[in-house]
Structure formats: structure tokens, C-alpha cells
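Protein chains in written order, with full-length UniProt numbering: chain F, 1 to 295; chain Y, 1 to 295; chain R, 1 to 295; chain Z, 1 to 295; chain P, 1 to 295; chain U, 1 to 295.
Hints in this document: simulated from the structure, not taken from any laboratory. Glycine included, C-beta positions come from ideal geometry on N, C-alpha and C. Wrong hints could be hidden among the right ones.
Partial selection, computed: residues in chain Y whose CB lies under 10 Å from chain F [claimed, not checked]:
#	residue
1	Phe3
2	Asp7
3	Ile11
4	Leu12
5	Gln20
6	Lys42
7	Lys44
8	Arg116
9	Ile164
10	Asp167
11	Phe284
12	Ser286
13	Ile289
6 protein chains.
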Amino acid sequence: MTFTAKDKASILVEALPYIQEFYGKTIVIKYGGNAMINDELKEKVMQDVALMKYVGIRPVIVHGGGPEITGFLKKVGKQSSFVAGLRVTDAETVEIAEMVLDGKVNSEIVNLLNHRGVRAVGLSGKDAGLIQARKKLATVYEGDTSRKVDIGYVGEVEQVNTSILEDLLDQDYVPVIAPIGVGQDGESYNINADYVAAEIAGALQAEKLLLLTDIEGIYRDFHDKDTFISTLHLPEARAYIRDGVIAGGMIPKVEACLTALDKGAGKTHIIDGRLDHSIILEIFTSKGIGTQVVR
Amino acid sequence: MTFTAKDKASILVEALPYIQEFYGKTIVIKYGGNAMINDELKEKVMQDVALMKYVGIRPVIVHGGGPEITGFLKKVGKQSSFVAGLRVTDAETVEIAEMVLDGKVNSEIVNLLNHRGVRAVGLSGKDAGLIQARKKLATVYEGDTSRKVDIGYVGEVEQVNTSILEDLLDQDYVPVIAPIGVGQDGESYNINADYVAAEIAGALQAEKLLLLTDIEGIYRDFHDKDTFISTLHLPEARAYIRDGVIAGGMIPKVEACLTALDKGAGKTHIIDGRLDHSIILEIFTSKGIGTQVVR
Amino acid sequence: MTFTAKDKASILVEALPYIQEFYGKTIVIKYGGNAMINDELKEKVMQDVALMKYVGIRPVIVHGGGPEITGFLKKVGKQSSFVAGLRVTDAETVEIAEMVLDGKVNSEIVNLLNHRGVRAVGLSGKDAGLIQARKKLATVYEGDTSRKVDIGYVGEVEQVNTSILEDLLDQDYVPVIAPIGVGQDGESYNINADYVAAEIAGALQAEKLLLLTDIEGIYRDFHDKDTFISTLHLPEARAYIRDGVIAGGMIPKVEACLTALDKGAGKTHIIDGRLDHSIILEIFTSKGIGTQVVR
Amino acid sequence: MTFTAKDKASILVEALPYIQEFYGKTIVIKYGGNAMINDELKEKVMQDVALMKYVGIRPVIVHGGGPEITGFLKKVGKQSSFVAGLRVTDAETVEIAEMVLDGKVNSEIVNLLNHRGVRAVGLSGKDAGLIQARKKLATVYEGDTSRKVDIGYVGEVEQVNTSILEDLLDQDYVPVIAPIGVGQDGESYNINADYVAAEIAGALQAEKLLLLTDIEGIYRDFHDKDTFISTLHLPEARAYIRDGVIAGGMIPKVEACLTALDKGAGKTHIIDGRLDHSIILEIFTSKGIGTQVVR
Amino acid sequence: MTFTAKDKASILVEALPYIQEFYGKTIVIKYGGNAMINDELKEKVMQDVALMKYVGIRPVIVHGGGPEITGFLKKVGKQSSFVAGLRVTDAETVEIAEMVLDGKVNSEIVNLLNHRGVRAVGLSGKDAGLIQARKKLATVYEGDTSRKVDIGYVGEVEQVNTSILEDLLDQDYVPVIAPIGVGQDGESYNINADYVAAEIAGALQAEKLLLLTDIEGIYRDFHDKDTFISTLHLPEARAYIRDGVIAGGMIPKVEACLTALDKGAGKTHIIDGRLDHSIILEIFTSKGIGTQVVR
Amino acid sequence: MTFTAKDKASILVEALPYIQEFYGKTIVIKYGGNAMINDELKEKVMQDVALMKYVGIRPVIVHGGGPEITGFLKKVGKQSSFVAGLRVTDAETVEIAEMVLDGKVNSEIVNLLNHRGVRAVGLSGKDAGLIQARKKLATVYEGDTSRKVDIGYVGEVEQVNTSILEDLLDQDYVPVIAPIGVGQDGESYNINADYVAAEIAGALQAEKLLLLTDIEGIYRDFHDKDTFISTLHLPEARAYIRDGVIAGGMIPKVEACLTALDKGAGKTHIIDGRLDHSIILEIFTSKGIGTQVVR
């Protein structure tokens, strides 16, 4: 389909109220899934971030990188064992995870953004002490009981030190963050990127947190497309998790939304990163996409 | 025609290179003709200016108002005589012109912009001594000879004092300027708005001057649509005026472009203000519209 | 009478304590009456404002223009009807009022100040949304009952948005304000200039509000010069209005003072604009002039 | 003679052009002679400086203190010998001179200004290395020959380090400077205050240097009041010194003016400090007083 | 003893934690006693202050000068009488005290610091109204009763106006303060320098107050070296004064500490100025020296 | 050996002139060799950098990482071939090099500095486009002729874009830079860290470039300790390279020094990183260590 110049002009104008609304606001994007693997989608995410920057938004990117870590562990012939679905992460594993996340995935995103005229700066949780972390134990359920198991250098966020983010944002850089935290003794922790994005959105009092996922959003019944949920409020979301309506891979996404809202983010959105320009669709069009979790 | 969300997203992204190009740049718009009379077009110009502002451009508006002045003179029963096609402007006439331009046309534009969330401030050439003017004589041709005739308070720009414009632009206001200049003794002069826009574009070293007109642009032969000129260079433009290719109402437009370029503006554009969103079409799409006059 | 250089020096020095007292303070002047009609007085007011500016005061001018509006309405053959002494102001009338106030009276004051080396900028309530207004109904008394009558585009101040004033004052401009407000739908309202000045003095937390009038001040008994009141306190002023001691044209003046004080202005003064340099007399000499209304 | 309020107002207004002219300008005042001894005159100088400050001038005071030093040396029973009219200044003498100038005369001036609401700060040439000095030899003439004689800690200005002055002026303080310089090895030098004022006026590129003296100005013939010189140009001044028209105590005054002009001051004035408010008379009235030495 | 380069490096590194701790903090030093008389010690204090400045501390010096005043009074043959151990200070005495303190002692310290590359500025309590003072009466005990006696221009601090200190500190100057205060009528008061330092430390909310004394610190029993007190808390200190454990010359020192703590200083230290580099020892080494009085 | 507090104080004071000299200056450190492998030395380098930061120096770290890259390539079973002593660097190799340098070596240094209270931020040449690079061909000598050979993603610096460094330094961060450059098409290049440090020192107009090496400095004759060169001037250095006096591994070090000096660095130093606190020894002690290459 081709557009006339006139069509283009009206669409630009239609975006104006959204541009006004988010002018000067901070939006945190958890970047992961297909949008990070598929080259065409990747290209479109970069365009979206560049557009955000130019119309006055302050974007902050937090990325994952699970598949790339798995690929690299395989390459070095490192076997992984799993507990409760989580990879046991010994010292060598976390070192490789950090190398892959910070030295490969992060660098590539930074590079792509710089190529689009946006001044991006890559950070990990170590830079200027950005993410203070602590060990997170896995929970193993056995019948009616559960117990906590140490699975190594898997962490959770203890504190976000936003000063480096604010300094960079104020000078018009786009921070790109690898989800590595640093512990009391300087040890590295691999942290779920959804949670890192949530904590950063909270700590920055961001206007929005956008989680790019590989699903369309949340369904009341996963098998019935008619049960799609556009908006989910905090109490409802908590109830759905408790009652098992929200389950499996959706749990960390929704929990990340709850955390971000609890700590001060404005709104949170679980969107389908497999769509072209899903970020722009969410921010600049009247309908929005995916499921929003709000207060 | 309706657009899918996806269409909209791609069009926004297509605008990105133009947004980057003009980020932080000053663009002077001469606003006049049908775009100022037709309510729908007016609305669209306001949207265009708001969009420019929000994507980081610094717009400056200079407006005309001939028809409104004529209307008001009629209302007060004031007869006008003409010399060489120019209205003889006595003290009462210039007073009414100033009232209409500054107290009506200017206020209305300011008001419309404020309603779109843009902080506009109306100025005339008197505010903070913005436009120093002097009397402009009319040239009357009689056979092979010509003579200069005093037609009253019709002026030309002597000097632009940009400090108030820079102070307002730096604080994110949109200046809207009525084409009234002030003489040595404090007397008012009515000045052709095209020339005022040109002088201001030059004095501000603006990136672009856009003249909104009621024609599509310039033709080598007005009767032959195939002779449309997209780009005109300075020497060519001067030759065309000398040789009569450019004539009549086009002369002041092209002269304004030449003046702006001579005094430091980057590019100048004669565009068709009768088109919806002509400003956005010119700035944000690859083809541009109308005739550009460049160095 | 001629002064020796020595005389002049001592008088300058005598002004020192007043200069110190008002250094850096904002003073709002309601400019109107004879001081705006008589050319010699006008000249002196301009000198006074220039002096204020140069000794470190931040003056803000609000002007009226009733007689000029009346004159112009007559010129265009517009008949006015009156309700409760107020002009019924239809759309055409308010348009003319705005043209006269903003495009003629305001421009002229700005021009005169610029000629004295002061950088003045003319504003109406529309610029940057300075004065949000709403319709004001007239009160018609019939025997013991009263009813409200819609007399068109006569307004009252709903809110003052001081940002443009502060930005201009901080950059050493003198704002000159025409008493036109803007309603919810962008419609213009003509507002009594005394009230506009009062609201602006309050919103700016001004040190003083000076109302230039055509009387010497307030008398307890208008026929007995010995009953002149130098200082009036808030409760007293309210009582005098209630009891009819203050009546007629004095009511809006005193009400303006009360409003300014209620909203945060420091002191208010009703002074005789028919005196040469009445502003300087009030500010820089030990005795002050006119009637001050204070907390 | 008493003035009406009206008189006062016109005189204030008459000063306006002078206030405009010197707004934001630096004026260096050499304060000494009778104006520093007579309590009434002293009071008036302080008022003048306060007025200057409040109307936007940046005054800098350099003071002398010869008579006070002499008085104190007498008190401690210190005998002085003289060479070529200059006091031989041994280590004890310069120590006492510094104590008197910095610890007494300077403190008193600072104190008087602070009492008038001006924030004055006392400095000597030692503070932040303000005045780098070197020894100045006396010239003894014997018949047709002359020789240089070491008379101890009498100095001349080598370099003025204006940073502390600029920092204080920018923060609205009035610097008051005692004419003590500091040598390479940290030793103190007593320097002629006229020269110190001249060097500081030059280094600050001051608008004016005012030297308060005990004479009316310069006469071509000291005995003939009709030969008073209002304006003296550089070459003329040099010729008059060479030819002995300017002689005796006038030489250092005129030389100070020449130095200040050579180093970048705008104008210099030798004025009669015995007149009430001589500073104000010079700056704020049309006639000026005394003799000006200009380029 | 000689150090290898390696030794030096480790010692510099050992100081690092102390440098970090005091970076950007204000430390007030009461400079007096032997450290001000002995040339070698004096040199070392100056080095210490320079070092403080360069490692990011904001030092403020308050000096005494009793012995120098006494010496000078003797020189001018001025007899002093004493009441309750305090010198009766008539007008002539306070004038000499001010000259000595401000014009000699202060200037010399400023000069020594400037010679070490530190930009020092000398102040007395008169500069910019730094120290507002009032008369302090002496208390004479006669048997069980006491009475207050006027001993002239001996003062106590009424108020510290820190603006000049903050302006100078923010611009990287080191203020050096002579303990002269100024009364309501502009009269000078000689004030105990310990108290001045305490009030200034309080007013600046200084991190530390260091009092350089001629003793090692405080002993519970002056004759028994084993009773040395390293740390004294506020209530304890008050009890010791009440019970006479702290007596004689120690009282004003400890009272100064209490005043500083009460008004907002962080910690106070009574240290032995007779030790080489006592300031550095206190600040940059783990042990500290002398007695600290803390909350 | 133990030091008394007094010893410590004198050593701190001895460092004062060096602290003054480098206050506010930028010093670039190429960190590599043993100082990066040996844990104890590593710890000492971190202390040295922290000390530099706290005494007002602006340190910038550029690190190498050859041995770590080699180790990792071995781990993944990647075979390397060599041309002219340089590793042929295919796409997979440069990806691993980047991961190791940016995601492991860089992160670790950043982490160690943060643990010492210094706010360090890791960068690679990709961040904000810091290092623009281009392919560097290897030179293969065959008899008398030489030819250029493409060995893949080995690069040289084309341009340094210092804005991110200046923004971080101005906000008191310590930049730590991995020697990865980015080409026209976004491809990564591995660059010799000595050259990167040199280019950055030049681009920042750094006061000093310190190259930490595993030798004591430069000898005229490597076998004769008596031929040690303390200072080498530019022309001499060039001659020594040409004549083979400087050969082998010393060539890139000296070339780096020459490049830094050519591009604007003040001085350059080749120092022995195997010594404890070699950085502090070079900067803060009178003797300096190693070989300095100067203009």
C-alpha cells in the first residue's frame, strides 16, 4: 500500500496529542524476545527509540539475552543443570553471561542506536554502582512443601542508584542497560531483565514501562481469543496471579508490572514485540496495543 | 481512506530523518492568503506549527492581513486611493492597519496556537524595537521614465533587532509577528509581510523561510503546467525577474526569498498554502512541495 | 525655579532610601485616565517608568482604554446599549475593543517606552495564556430584588498564568498588558483594567499596586477636603463600601485594592494621575501621595 | 532652601539619562584628602557610593591615608626622614602603614558603607594576590643630574590580578582597597593610592576613574581662575607636564589619569572632593565638575 | 629519617579514606598560640591548610592575636587595667587591637597562604557585616555574690552573616577572619577568637571545628598524664565545667566547642598546635590527636 | 617498616606541590601488563586512581586485555593464525575479543573502582560513537619489499569523539575504556590499547599519558642497565626508532607517546607497572619513574 504525501501529513498530525503528552517524560523499555532476534524487527525497534528521542521523550532501554547466553555456553561446552526451571549459575556461567550481555548484546544495541543518530551509552549494573543486587534463591515445591535452593549467581535487585541514568538523560544520551547486578563483595549476578526494567522504571518514576514480549497480551483464558484483557488493575492482577489465571511465563511479566507500579512508575504495558513498530503503536496511537497494567 | 495502526507507525518512522534534520533549527513561516481565511486550512496550519514545535523545531510566524484591513477600512467608510497598485496610507489608514494586524489578526493566531498547547506570544515590530523601518516610496512609471512617489506610511525594514525573538525562542515560546515597523520618530509603518518574514529569516540565520501563497509555485510559463520549477537558484531567479519570466504577484515572493538568502537564511520555499498541511508536507516528506529558491 | 547642581545632588541622595527599599521589587501600575490622554502627563509617566526600571524596580504596566474604544465604536457607527451602567458587549464590540486596546493603545505605550531606552513588550491576556477569563454578569437592581443579566463579552479574571511575565521580567523587559482575557473556547473578554491590574499584582506577589486615577484619593466626605484619607486598612475599607462611604467610581478602585491585597500584593495605592510624576512622588518621596489601602 | 515633592520628582527624572548611561559600568574612585577627613563630607561620599550601587553602577573604592599614617608614626615615636619629598619607609614604617591603612582606614570605610545597606568588602593588595608590587626608587635631582635612591618599602604596581575584584563585583559587593602591594618575597609595599586607583581602573577597563582631590581641578595658570581647564586630552596633558604647566602635587594626579587611560579606562576625572556630593555631581549632572582627562 | 619513594606512595594511599571522608566539607580552624608565633610551626600550618584546600576541603581560618596586641599597646605606651582577668578595652585600645588583628596578623596569614598557591582573602567581622556583635560584660565575683562590669569594647557574637563566606568558599577562596565584630552603631568590638571560630563553625554547619592550642588536650587530672580524655560528650563536658574538672584556660576552649556543636557543627577538636602538622594529623590519620568534644 | 603519624604528615605535605600542579588536569592511563594480572598490583592501581580523583585530577583509563582474549579463544577452541606477528582476526574472533574486553576486563576494572568510592563508568569505542575506526593492514616484509595484508577486524583510530568523555569527566565520573572501535558500517575493530590511549590523550589535550608496561623504561642498550633513558625528546625518539635503538615491543609504546604528543597531550611516560603504586610514584614524587617522552 502506498500513501500520498497528504496521507502522511495527516498521520503525523494525528500523532501530535501523543507527542505532547509524553514530551519530556521518561519511558523504560524492556527489550527482548523476537524483537531482539529478528533483524527486521530489531531495525524497527531502533527506529522507534530514535523517534521517541527526537520528539522529546527520554527512553531508557533494558535488554535481556537468554538465548544468546545459552548459545555461548554451548559453544564453550559448558553443561547447565536446572532447578525449578532456573539455570544453576556457577561462577563461570555468570562470567560468560556478563560477557555476552554486556560485551555483545548491549554493545550491539548501542551501536545500532548510534547509527541512527541517537547518542546511546551502554551500561551494566556495575557502572557507577547502578544496580546493587543480592542472591535470589530458587523455590522448589515438593508436594505441599517448598524449600529454597541456592542456584548460584542468580540475583535480584536490592537498590537502583539512578544518578548515572539521570546524568546521562539530562545530557541527551539514551542509556542501554544490561541486567547484571553487583553484590556486596563485588560479585556479579545475572538478573531477570523484566525485573531490572521494573525496578529502574520505579526508581526513575518513569511515565511508562513497556515490556516487549512474544505474546499479544494477557488472556483470561489462553485458548479463547475473546478473553483478551486490555486493562488490568493492580488488585485484579494480584488476584489473577493468586488464582492461577495468570500463570507460567506471564507471571514474571505481570510481577514486573506490579513492582514498577508499586515503586512509582506511571503505567505499565505488556506488548507484542513481534509486531512492527509495537513501541510506536503503543505510545503514539489512540488505541494502544497489548495489555496495560495500571493502578 | 482509513489507515491501520501499522500504517500510521510506518509513516511516523518515515518522518524520522526529517525530524533529525531540523531538530533545534529555526524556521520562519510567512502565513497569509487562503490558509489564513479558510477555517479548515487555518486549523491545519496551527496543527502543523504545533507539530514543528514538539519535534524540536523553533518556528517563527510572520503574518499578513491585507484583506482584513481592506474590510475594516470599508467598515469605517474610509476611501483609499492607489498609486502604482499600492494603497496610499495616511495616518488614519496606518492606525487602522496596525489595529487590525496587531489587535485582531495577530491575537487570533496567538489564541489558536495557545489552544493547541503551544505557548505563543504576539509581537509587532514595536515590541522591544523589533523592526526598525523607514518610508518606502512607490515607483510610478510614465513611458520610459519613472519617479518616486510618497504614499504615506508604507515602510520597508531598516533593521531587525532579534534579541526579543531569541529570548522568547530560548524559553520555548513561539513568536507571532505583525508586519508593523517603527520609524525614527516612533511613527508606525505598514510593511509587506513577505519582506518582513524574509528580513527576520535572514536576521535569525533561519534554516528555512516558508512563504505560504495561493499558487502551486513558480512556472516558467504560467499557462503551461509542464513548466513548473521545483528549484530555482539565486542567479537564475534574478535573471527571471529581469527578463519578466517572473512577474506580477510573484515578484515580491521571489524577492523576499532572495533577500532572506542574501541575509543568511538557509533555504526558502514558495509553497501552496491551499493544500492541507502544506508546511508539514514541505518539511517532513521526501518530495517537498512548491518551488524552492536556494543559493 | 532653577536648581543648582548641589540641589540636584542632595535630592538624588534623598531618594536613596526609597531606591534601596524597592530594589528588585515588582510594582504593578494601572495606567489610565487623564495620565493616558494628556500628552504631557503621558510623557511623564513614561519617564517615571523608565526611572523605576533603571533603579532596579521591575515595573509591570496594565492599561485601560475606555474612551478610545468609545471613540472608535462611534467611528464605525456602532450603537451601544447599556445595562446597569455597563456597555452591552456583543461579538463585534469586543472585537473592536480588542483591536483598540491591543493594536492601538498598547502599541503606543510600548513604543513610547522603547523610545526612552526601556525594552517594553506588549501583551494581551491571550499571549501565552496570560489571562484566563469567564463571563461576568451585570447585576440589575429592581426595588429590593436584583437579577443577573448577560451583557455579552464582559469578563472577569479566572486565573493569571504568570510564566510569560516572569520570563520577560527576568530578562529585563517591561511587560505592558491590555485588559483582554480569553475564555474556555478561545473567545475574548473585555475586562475592567483595575481588576486585571489587581489580579496581576496578586499573582506576582507584587510589592505595590499603583492605580492612576483622576482624583486625589479617597475622602470620607467627598465635599469636605479635610476628610481626606491617607491610609485605609482592609476591614475599614470593607466597612466603608458596605456603608456607602465609598461609592460610585471609587468602588471598583477600592475593590481592586482589596483583591490585590487578598491575593498577595504588599501595598496598594490610589493616586492622582493628573499630577506630574505622580508615580515617582508615590515611590521615591517620604510623604507619598493619594490614599494607600493596606492590610 | 526647601523643595516641593514636585521639584524632587523632576530632578530625579533629570538624572535618568545619566543613570542609563552608566548602568552596569565599573567606576573606580580614588578616595582621599578632605573628603576622607571631614565627617560631613565622608558621610556624603558614602551616600554617593550607595546611590551609584543602587542605580546599577559597579563602584570600586581605592583609598589613601597619608595623614593617618603620619599621626600614628608620631604616636609610636617613630621619626621619619625624607628624600625628594618621599618618606623613607623602613620595615617598621611599612608595617605601621599597613596596619593603619588596612586595619583602620579601610575598615572604617567598609563599615560606613555597610551601614548604608551596601555590602562592602575590604581588601589590600595582598588579598588573593590583588596587587603585585616592586620597589620604587626615589629620584634625587642635583643640579643637572639625577640619581635613584632606595627609600625602602615604597612600591609601584607591577601587576593587578583582577579575579577577586570581578568575583566580588559579580556578586554585588563593593570592593574597598587599601594601597598596599606585595612583592616577590611576600614583603609589603606602600604605594601611592592615585597610582593604585589608576592601575585598577585600567585593569578593570573601567568606564571612569574619579580622583577626589582638594583642588577644583587644573588651571593653566594657578593664580588665574579664568584659566580653568575642563577637558584635557592625552597629548596636551603630556605636553603640560613636560612644560611645567602642570606641576607639584598635580603631577601624580595627572600621571594617574594618563596611566588609567593607557591601560584601558574610558575617562578620568580630577574632581574637588571638598564639594558636597562631588561624585554625584560628576556622574549624574549634565555639567560635570572638575577637569576631565580623556583620550 | 629518610623515606623511599615507595614509602611515600603507601602513605599517600593510606590517607585516601580520610580524603574521601572530608571531600567538599567545611572545616573551621581557630589558629592561635605557639603555632602562630613559632615561624617553623607557622609554615607548617600554612602547608596543612594548602593541602586541605587541594584535596577538596573548604577551610576557614579564624585567628587570634593577643600577644601581638599587647606588644603594640606597649609600643605606643598605652597602659591597660584588668578586671576579672580581662583587659579593660577603651576606644583607643580597640582601635589598636583592630589595626593589629586586621592590618597585621590577618594580612600576614593571607600573604603566607597566597604564597603557597592558595587564594586567601582576609576579612574582619565588618566586611559585608560578617559578625554582628554586642558588648560583653565581665563578671566579678566578690565572696558569694557576683556583679557585671562594663570593660569597654569587649564583645560577643550576636549574629554571623555567612553570605560573604559562602560566596568566597564557592569561588574557591580561603577566608581568613580577624575576630573583630561590629555593633549596632558601627562600633568595633574585640572578641575572643575561640568563640568567633565556634560561632562561624556553627553558622556554616561546618563538619569540624579545630582549635589549635598550646596543650595536648584535656586531662581529668592535669597532673596525671594517664587521665587524658580522647573523647568528651556534650553532657559530660557540661558536667566537668560545672564540677570544676575543666577549669582555667580550658573553659573557653570547651565552651567554644559546646557552642559550635549546639549551633550545628559536626565535631570539635582541641588539638596541640605545638606539634608539627597537627591539623593534618587530626584530619588525615586514623588515630587523630588531642581531645574531641562531640554530641 | 612503620611510620609515625608525624612521618605520615610530612609525606602528605611533601606531595602538595604535585597535587597543586595537576589539580584539574586530565591524565590518561594505559592500564595493562602485569599490573592488570597480579591481584596485589591491581589493587594498588585502583588505589592510585582513587587518590588521583580525590586530589582533583581527572583520570581516564584505557585498558588492554590480550592475554584474556587468548585464554578465551582457547576455551572456545578457536584456532588463530598469525601474519607478521599479528593475529588474523575474523568476525568470530573480534566478537569474542569485544566480549572479553568490554564484558569482562572492563567491567571488572569499573567494579574495583566503584568499590573504592570512585564513580567509574565503562565505555567501549561504540558508546556515543567514542572511537571511529578503520581497518589496519599488516605489513609483511619479504626481502627488500613489503606488502600490506588484510588480517580482518584489526583497526586503527580514525577519530575520537570526546563529548561523552567530557560530559562524564565534568560530572566527576572516571571513564574506563575498552579498545574497541567502530567502523563506517557499524563493524567492530580490535585496536591496540596503547594507540587508543594515545589518541584519547591527544584528543582530550591531556596533561599526561602514562603507559603502564612490564619494563622499567627505555635503555639505549637493553643489556646495559647504565644506559637507561629518563627523558627522550621527540626528534631523538624518532631517530632511535629509525635507527633501531628502540625496537621490538618498545616501538608501539614509543609510537603511542609520539602520537599523543603530536595530537596535543602535554607529556608522556613509559612506566613500570610492576612496581607498587607506580602511578603515584610518577605523579606525586619529585623523581618520577620510568622514561618520559616529551616535546
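Hint-by-hint comparison with the structure:
Among the interface hints, the one on Y:Phe3 holds; its C-beta lies about 6 Å from the nearest C-beta in chain F, closer than the 10 Å criterion. Against a cut-off of 10 Å between C-beta atoms, the interface hint on Y:Asp7 holds, since the closest Cβ of chain F lies about 7 Å away. Given hint, Y:Ile11 at the interface with chain F, holds; its Cβ is 4 Å from that chain's nearest Cβ, closer than 10 Å. At a threshold of 10 Å, the smallest CB-CB gap from Y:Leu12 to chain F is about 6 Å, leaving the interface hint in force.
Interface hint status for Y:Gln20: upheld, as the beta-carbon distance to the closest one in chain F is roughly 5 Å, under 10 Å. Because the smallest distance between the Cβ of Y:Lys42 and any Cβ of chain F comes to about 14 Å, over 10 Å, the interface hint for this residue is violated. The beta carbon of Y:Lys44 comes within 7 Å of a beta carbon in chain F, closer than 10 Å, and the hint placing it at the interface holds. Given hint, Y:Arg116 at the interface with chain F, holds; its Cβ is 8 Å from that chain's nearest Cβ, closer than 10 Å.
For Y:Ile164, the shortest C-beta to C-beta distance to chain F is roughly 25 Å, which exceeds 10 Å, and the interface hint is violated. Here the hint on Y:Asp167 is broken, as its CB sits about 21 Å from the closest CB of chain F, past 10 Å. About 6 Å separates the beta-carbon of Y:Phe284 from the nearest beta-carbon of chain F, less than 10 Å, and the hint is met. Residue-level restraint check for Y:Ser286 holds (minimum Cβ-Cβ distance to chain F is 9 Å; threshold 10 Å).
Checking Y:Ile289 against chain F by beta carbon gives a least distance of about 7 Å; that is within 10 Å, so the hint holds.
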